[in-house]
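Protein chains: 2
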Amino acid sequence: MAFDAIETPFGKSDKIIGGAGTYIAWCASNFTPVKQISVVGGDFPQSELDALTARGVTLEGVQVKKDEKTFFWSGRYHMDMNTRDTLDTQLNVLANFEPVVPESYQDCEFLMLGNLLPSVQRSVIEQLKTRPKLIVMDTMNFWMEVAMDELKKTLAMVDVLMVNDSEARQLSGEFSLVKAAAVIEKMGPHFVIIKKGEHGALLFHENKVFFAPALPLEDVFDPTGAGDTFAGGFIGHLAKTRDISFENMKTAIILGSAMASFCVEKFGTQRLREIGKSDIDARLEQFVQLVNFDIDLV
Amino acid sequence: MAFDAIETPFGKSDKIIGGAGTYIAWCASNFTPVKQISVVGGDFPQSELDALTARGVTLEGVQVKKDEKTFFWSGRYHMDMNTRDTLDTQLNVLANFEPVVPESYQDCEFLMLGNLLPSVQRSVIEQLKTRPKLIVMDTMNFWMEVAMDELKKTLAMVDVLMVNDSEARQLSGEFSLVKAAAVIEKMGPHFVIIKKGEHGALLFHENKVFFAPALPLEDVFDPTGAGDTFAGGFIGHLAKTRDISFENMKTAIILGSAMASFCVEKFGTQRLREIGKSDIDARLEQFVQLVNFDIDLV
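Heads up: the sequence lines are chains F and R, in that order.
With the UniProt record's numbering as the guide, the letters of the first sequence map in order to residues 1 to 298.
With the UniProt record's numbering as the guide, the letters of the second sequence map in order to residues 1 to 298.
Errors might be hidden in some of the hints.
No copy labels: a pair is met if it fits in one copy or bridges any two.
To be verified - Calculated cross-link-like contacts (lysine to aspartate or glutamate; reagent style DMTMM-like; alpha-carbon spacing at most 25 angstroms):
hint, residue 1, residue 2
1, Lys179, Asp14
2, Lys179, Glu218
3, Lys208, Asp294
4, Lys66, Glu103
5, Lys196, Glu174
6, Lys133, Asp294
7, Lys15, Asp80
Hints are computed from structural coordinates only; laboratory data are not their basis.
In this text, all values refer to a predicted model and were calculated from it rather than measured experimentally.
One chain only, chain F, in its complex shape (with noise of 0.2 angstroms):
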């Protein structure tokens, strides 16, 4: 949970709510109870926990340091929109973050472990008592360049891993991502999740593999936090149904999709806050039309 400011070829935020953990948490929390695990600062606004709480996710794992600032972040977004440069990075609370897993938490059966160091996302598996029935996985390449040995640690103890098809080819030393799905699977998670952006996502398992296509939209506002959007809708929909099936995982990748393309038409969670399920419904309509097609034909 941080503050993020942003730039886009479509204007400027103010310095406004972030972070993967409340991405995932205004996400996930369509489909599931969510608990939720982080730390922020005195300077984090009382009404933003409060208007997760209302949504029904609990913060009894939420460390506030009330003399400390929060995570900041600033970048500005190229033309593509894929990439973009990084104007300011501040750690503040993260810099020493070790998350508590309270006793509450403990009948959690789904995880997700945002971006983060590797071995802190792996002291919150530790810290589970009973193994959860799925543990998913995001992270990115400079956790490669900086911490390898620890990010394969981690990678070895989850079921899903997440991450671009770059970090995909870094990790793996493989170009093609067929075969870098395999080499990841080797390291640990079952699941590999490749994540192209505007092109979509891959689900590898096995010698199975399936794609859910971005959906194309006039204008993408603001991409922050879609990865992490996706990773909520994917996690929220397998924790709501508890099938953690190949088949079911499918679905749950569509879903991720359509609440990633809320996420970024506009600055960061605005459009998150704005949605229900009969947008969310909606939407899934469309990415059945984008797909759907009739091989009898043939």
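Following the hints, position chain R against chain F.
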């Protein structure tokens, strides 16, 4: 119809048979008889012409200029296979190509215009006494740079335009592919297909959109001709079924993608010469698995 010499990160070909018309004919002849219009030099092997005839490709409209040489292109692909450098282009017989539509071709209902000078493409349309049921046009950025007025004249006469994503942006002046397609539809074609290489293809028509993925492959060996093969599969299916509805175009695009996925597995037209109906059916089943999901669970 041409000679190509191709270098990829996986190897280097001799001077092999290539050209948009060649790929389109090899592909479309899986689905429908083909009447070919093209020009070759005296150096073009008779055995290649015989091989096409054996597949049901009529060559009456293919001019053989005994004393001239066939068009030649040589190129080198980069590691990502999406970009390439042209090493050599020798126009030869193409420099003064004036296509002549034989009388026996006047019954053609489906016309595929492979990438070539827009004025040459238009001359074929103008020679047909009865307008075909469907005219599909491929083109490229080069003509947008040197012959935009001619391109727009031809564009106004066709039903379907096929371009890649950067060409769609260049032609329309719009970055968003959704907006680009809308602008291009106003130029004439009621259907716009935007090819994204390994990222699949989009079909736009009025306010509808359909997405066909590319099959994730372990190796893309040689992408030369993939777009032409895609075109051949697309029009081949439409000509076979004689149904030009948006719904049937969805199936046609999946078929085009399936055929293109074969094309890239070996150098040149080699793979297209090997495959038959059972290979195509098996690959279509892979596409069903790749994108099929059950949304009732949500």
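Hints, one by one, checked against the model:
1. Within a single copy, Lys179 and Asp14 get their C-alpha atoms no closer than 42 angstroms, and across copies no closer than 28 angstroms, so neither meets the 25 angstroms cut-off.
2. When the C-alpha separation of Lys179 and Glu218 is checked against a cutoff of 25 angstroms, the pair qualifies only between copies, where the shortest distance is 6 angstroms, while the shortest distance within a copy is 33 angstroms.
3. When the C-alpha separation of Lys208 and Asp294 is checked against a cutoff of 25 angstroms, the pair qualifies both within a copy, at 21 angstroms, and between copies, at 16 angstroms.
4. Taking CA atoms no more than 25 angstroms apart as the test, Lys66 paired with Glu103 passes inside one copy only; the shortest distance there is 23 angstroms, against 86 angstroms between copies.
5. Taking identical chains as interchangeable, the C-alpha atoms of Lys196 and Glu174 lie at most 25 angstroms apart whether they share a chain (16 angstroms) or sit on different chains (22 angstroms).
6. For a Cα distance limit of 25 angstroms, the shortest separation of Lys133 from Asp294 across copies, 22 angstroms, qualifies, whereas the shortest one inside one copy, 36 angstroms, does not.
7. With identical chains, the CA atoms of Lys15 and Asp80 are at most 25 angstroms apart within one copy only, with a shortest distance of 23 angstroms there and 37 angstroms across copies.
The structure fails to meet hint 1 from the earlier list, while all remaining hints are met.
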